[in-house]
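Participant: So the chains spell out like this:
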Amino acid sequence: MSALVRVPRSTLARSLGLALAGGAALLVASELLGSYQDLQLASGTYYFIVLAGLTMLTGLSGQISLGHGALMAVGAYTVALLVGNEHWALVPALAAATAVGAAVGVAVGAAASRLRGPYLAGATLALAIGLPALAEKYSGTFGGANGLVINPPAVPAGLGVSFPLERWEAWIAGAGALVVVFVINNLVRSGVGRSLRAVRDDEIAASLCGLHVGRVQTLAFVVSAACAGLGGGMLAVVLQLAAPGAFQLQLSLSLLTAIVLGGLGSQLGAIWGAAVLVLLPTWTEHLSHSFSLSQQVSANLPLAIYGAVLIGAMLVWPSGIQGALRRIYAAARRSSVGLKRLEGNPTSGSGGAGNESN
Amino acid sequence: MTRFIDLTLNGISTGAVYAAVALALVMIWRATRIVNFAQGGMLMITTFIASDVIGSTGSYWLGFFVALACGLVLGALVERVLIRRVEGGPPLNAVIVALGLLILLEAVAGMIWGNTPRSFPPAFSIRGYDVGGTRLLFAPNDTFTVLVVLGVAVALWLLFRFTDLGLRMRASALAPEVARLLGVRVGRMFTLGWALAALVGSLAGVLVAPSVFVGPSQFDPVLIFGFTAAVLGGLDSPPGAVVGGVVLGLVLSYVSGYEGASLVTLAALVVLVAVLMVRPGGLFSTRRERRV
Amino acid sequence: MRATRLRAACGGCALLMAAAVIAGCGSSGGGASAPGVTATSITFGTHQPLTGPAAPGYSEIAPASQAYFDYVNAHGGVYGRKIHLIIKNDEYNPTNTVTVVHELVLKDNVFGIFEGLGTPTHTKVVGFLNSEKVPDMFVASGCPCWDKGAEQPYTFGWQPNYTIEGKVLGQYLKQHFAGKKVGVFYQDDDFGNGGLAGIRDELPASQIVSAQSYQPGTTNVAPEISAIKSSGAEVLVDFTVPIYTALGQLTSYTLGYKPQLVVSNVGIDPTTVGGLLKTYSKGKAGTELIEGAITDGYMPASSDTSNPWIALFRKVKDEYDKSAPFDGNVEYGMATAYTLVQALELAGKELTREKLVDVVEEKGAELKGPGLVPFRYSKTEHGGYGGVEMGQVRGGKIVLFGGPMVTEPTAGSPITPYTGAESSPPSSGVPSP
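Residue numbers (the numbering used here), protein chains in the order written: chain C, 1 to 358; chain L, 359 to 650; chain E, 651 to 1083.
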C-alpha cells in the first residue's frame, strides 16, 4: 500500500509535501472556477488561515478565544495602512500584518494564560468588541466608521492582460495558506505540539514535568494570533477594505463555530470550517429564495436555517465534520478488514484507525 | 457636580439591567456549568410575547407574568430537547448549540414579528425624581428595576447557599455522577436550573425593554455587557453578578459622559481585563489556586 | 501510510470544495453586449440591511422599490421590458457587501446596482463598480462621497446629502434662533458628522455649546443628553436615526428637558418615531414627545394624503407591498424607483450601461418627480437632490413650510430659494419618455 509513493519519514519533509500538494489542488481549482467562485475560494482560503491557528489554539491548547475577529482586524488595518498610506509592497505588508498580530498575541496571550474557561471566553469577547472601537476613536488614522479602502493588488504583467483579479487574489491567499499549513503542521507534530497537548490535558502534571504552563499557552496564543493577523491581512487584500463593521463580534463567533463544526484540533477540520463559513450563507440564501415567501420571512429564513444547521450538526456530529469522516473511514476499513478475515486472508496486522488528529 | 450625580445614577440604573442579565447567566452556570449564549434570544422571545399580551389586553402586569411563565416553560423545553444531548460532551459543543439557538431565535422572531422595533411600557413612571427643583436622571421605574434585581440576587443566593434544592443543583453541576449515586435526580435539576434561569432572563427582558425597545437584535448590546458583568463578578456568585453589573454600568457611564461614546466598549475591555488579572475568577471568586 | 492518506485527503478535499462551489453556482459569464438586459427584462441588484441592528426602517426601502417596479411591469414595463430587482442582504457588514455585490455583478450579471444602502458598506464597492463600468444608480445614503462625477462616473447619489441638509437647517437656526444656545446630538459617522459640519458652516462657533456623538449600536444615550442639558442648550439638533431620536426624547423626558427640537429628515418620520414612543404618550399616536419638532423634507410628507404623489404611492403599496406601513422609508423606496424608471425611459429602447449613465448626466437635472427641488446631475456633479424645505411636526404629521431651498455642499456657498413649480405624477403612474 505504501509502495505506491515513497513517503518521507521526517515531519518537515511531509509538511512540505502536504503544502505542495495542497497548492497544486488550489491552483487547479482556481483555474476551473469562474471569477465569483475564485473570490469565494480566496475568502475560504483566508478564513482557513485564521481557522488553522484558532483550531490549534482551542483544540490542542484548550484555550477558548472569542476574540480572533479583533486579531484579524489588527492584521487587516496593518495591511490597509501600509499598502494604502505608505505604499508598501504586498509581501512585506502581509509579513508585517503577521508580525503585528503576533505582537498583539503576546500581550493577549500573556493575559489569557492566567484565565480559564468562561473567564477566558469573557475576556476575549471583550477584546472582540473593544479593539475595533479604536478605529472609531482615532478616526483620523483609521478612517472611523467608514474604515479604509485600498487599491486592488496589481496583477503581474506576465500573467496576461485578461487574467482575472479574483484569481490572482485566490493565488495570493493560497500562498499564505500553504505557508500556514507548512508551519502549523510541523508545529503540531513537534515537541511544541506535544507540550501544548500536555498542558491542555493536565496542567499540574505538565508543570511537574518541567513545562512552563504560562509560556506554553502564550506561545499557542501567539501562533494563532499570527495566523489571525495574516488572515486579516489577506482579507484586506482580497476585499480591499478594513472597516470596523467587518470585524464585529459576529465574526469571532462564526470563527469559533467553524472550527467546532469542522472538527476541533484538526487542520482538515479547518478546511471544512472555512468551506462552511463561505458556502453555507450562500446556500441558505438560495434555499430561502427558492420558495416565494413574504419579505419578512424570506429575509430571516437564511439565518434561521443557519442556526438550525448549527444545532443539528452539533447534535448529530459532536466531533464535527472531520470527526464524522474519520468515523466513516474507520468503519469502512474495519468492514474491509473483517471481510478479508472472513475470506481467510489474514491482513498484515496493524492499521487501526489513526487516532492522532490531522 | 450635577453631571457626576446624573452619570452615577445612570450607571446604577443601566448597571441594574446588566446585573439582571448576569444573574440569569450565573444561574445557568451554577446549575449546569454551561455558558448560555442563547439567553438573549430566549428573553427576547418572552418579551415579544409580553408585548403582544399587553397590546391586546392593555394590562402591563398580565404581560409581565405571562413573560415569566413563558420563560419557565421555554427554559425547561430548551434544556430537555437540546441541551440534554450535549451536556455530557465537550463544553464547546454546548456553546455552539447555544449560539445556534440564539441565531435561530432571532431569525424566528424576525419572521413572526418583523424587524421593526416596537415600544414597551415601563412598569412605573420614567419621569425623573424632582429634587430641589432639578430633575434627576433616575425615575420610579429605575427604583423598581434596582429593587427587583437586588431581590432576585438575594433569592438566588439564598437558594444556593441555604436550601436543600440549591445544594442538589450545585451537586448536579459539579459532580453529576456522584450526585446520582447519592440519589439526586440530576436531569431534573438541570431542567429546573434552566427553567429558573430563563425566568430570571425574562424578568431582565421586561425590565430593560422600555429603554432599548423590543426587536430581534435590540437586546444584543445588553446581553454582551451582561455577560461581561457576569464574568467580572464571578460566574459562581449572584452577589458578584450584581456588583459586576453595577461596576460595569458606572464605569461605562463615566467613560461615556467624560470621554465620549466611542471609548465605551474599550473601557469595558480594560475594566474586565484589569479585574481578571488580579482575580482570574472574577471579583467574588472563591477558588484558591495552588501553584505547584 | 498515514501521510499518504493525508495527502490524498488534502488534495481530495480541495477538489471537493471546488466541486461543491461549482455545483452550487448558477450560470456564469454574460457575453451579452449589455449584461442584465434581454428583450423582455432588465435586472438590477441591490445590497440592503434586511436583518440585524441596522435593519429597522431601512429594510422597508427595497421592497417598496420592488413594489413600484411591479406596478410599472403590470403596465407594460419599460419598452416592453420588465424590471427585476435582486435584493441581497448584507446586514450592514462591508465584508458581506463586497461579497454580494461581486455575486450580483459576476454571477447574476445584473445590468446595474440600484439603491445600494449605507456609507460604510457602499464605499467598499464603489471602486469595483466603476472599474467594471457597472451603473451604480442612486446610492441610498446622503454621503457627499458619491458626488464625484469625474472620478466615479458610474456612481450617482439621490437624496440631498447631509451637508446640504445641515446648511439649510443651520441657516434656519441662524435666522430664527439667533443668540440661543444650540446643542447637537449626532451619530458618529458620515451622516452625523456631515450634518454637524453643515450646521457649523452656518452658525457661529460660540452658539454651539455642546456637540455629543453616540455610537450606533449603543443602548444608553443618557450621558450624552444629560451633557447637552447641562450645557444649557435651548435648541437640540438631532442628527439621529429614528431609534436614537426616540431614545434621546425618552432621556429628555426623564430629565424634564424640553428644548426646541430640530431633527434631520432621516430621523423624524412620525410613524416610526411615534411607534417607538407610543407607550409614553398615553395611548395616542405617540408623537407627543416630538410635537413641534423642526425638520426638513425634500418630498411631500408621507402623511399628506391630499398630495397626488402620495396618493399614487399609497395605491402602489396597497397592491404590491401590503404588509408594510406607509411611512417615509416606503415613500423613499418608491420615489427612487420612479427616478430609475424615468432614466430608463429616457435612455431609449437600445439600452446599454453607458447610455443610462449618459442620460442621467445630460438630462437628470430636468427630471420632474415627487422631489421638491431639482437634481444636481451633470458631467461633474452626481449628487442627487440639491436642497430641502423646512418642516415641522404639527398634530403628529410633518407640515412643510417656507418653500424649498437649494445650495451647494461646499462651505460658504449661498442658500437660495427654489421657485420652480411642483409637478404632478402622470395619470398612469408610470413616467413616459
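Because the hints were derived from the structure by calculation, they are not lab data.
All C-beta atoms in this analysis are idealised placements derived from N, C-alpha and C, irrespective of residue type, glycine included.
Incorrect hints may have been included.
Said to hold, decoys possible - Looking from chain C toward chain L, a few residues come up when the C-beta cut is under 10 Å (computed):
1. 114
2. 122
3. 125
4. 149
5. 175
6. 178
To be verified - Far from chain L, some chain C residues (derived; all Cβ distances over 10 Å):
7. 58
8. 116
9. 137
10. 141
11. 160
12. 186
13. 198
Participant: A separate judgement is required for each hint: does it hold in the structure or not?
Facilitator: Hint check results:
Using the Cβ-Cβ criterion of 10 Å, the hint placing residue 114 of chain C at the interface with chain L is satisfied: the shortest such distance is roughly 5 Å. Interface hint status for residue 122 of chain C: upheld, as the beta-carbon distance to the closest one in chain L is roughly 3 Å, under 10 Å. Proximity of residue 125 of chain C to chain L holds as hinted, the smallest CB-CB distance being about 7 Å (cut-off 10 Å). Nearest Cβ of chain L to the Cβ of residue 149 of chain C: about 21 Å, over the 10 Å cut. The hint is violated.
The beta carbon of residue 175 of chain C comes no nearer than 31 Å to any beta carbon in chain L, farther than 10 Å, and the hint placing it at the interface is violated. Hint status for residue 178 of chain C: violated, given a least beta-carbon distance of 28 Å to chain L, over 10 Å. The claim that residue 58 of chain C lies off the interface is violated: its Cβ sits roughly 7 Å from the closest Cβ of chain L, which falls inside the 10 Å cut-off. With 10 Å as the threshold on Cβ separation, the claim that residue 116 of chain C sits away from chain L is violated: the shortest Cβ distance comes to roughly 7 Å.
In this structure residue 137 of chain C is not separated from chain L by more than 10 Å, as the shortest Cβ-Cβ distance comes to only about 4 Å. Non-interface call for residue 141 of chain C relative to chain L: holds, since the shortest CB-CB distance, roughly 13 Å, exceeds 10 Å. Its beta-carbon lying about 44 Å from the closest one in chain L, residue 160 of chain C satisfies the requirement of being farther than 10 Å from that chain. Distance check on residue 186 of chain C: its Cβ is at least 25 Å (rounded) from any Cβ of chain L, clearing the 10 Å threshold; non-interface status holds.
Residue placement check: residue 198 of chain C keeps its beta carbon more than 10 Å from all beta carbons of chain L (closest about 14 Å).
Going through the hint list in order, the structure does not satisfy hints 4, 5, 6, 7, 8 and 9.
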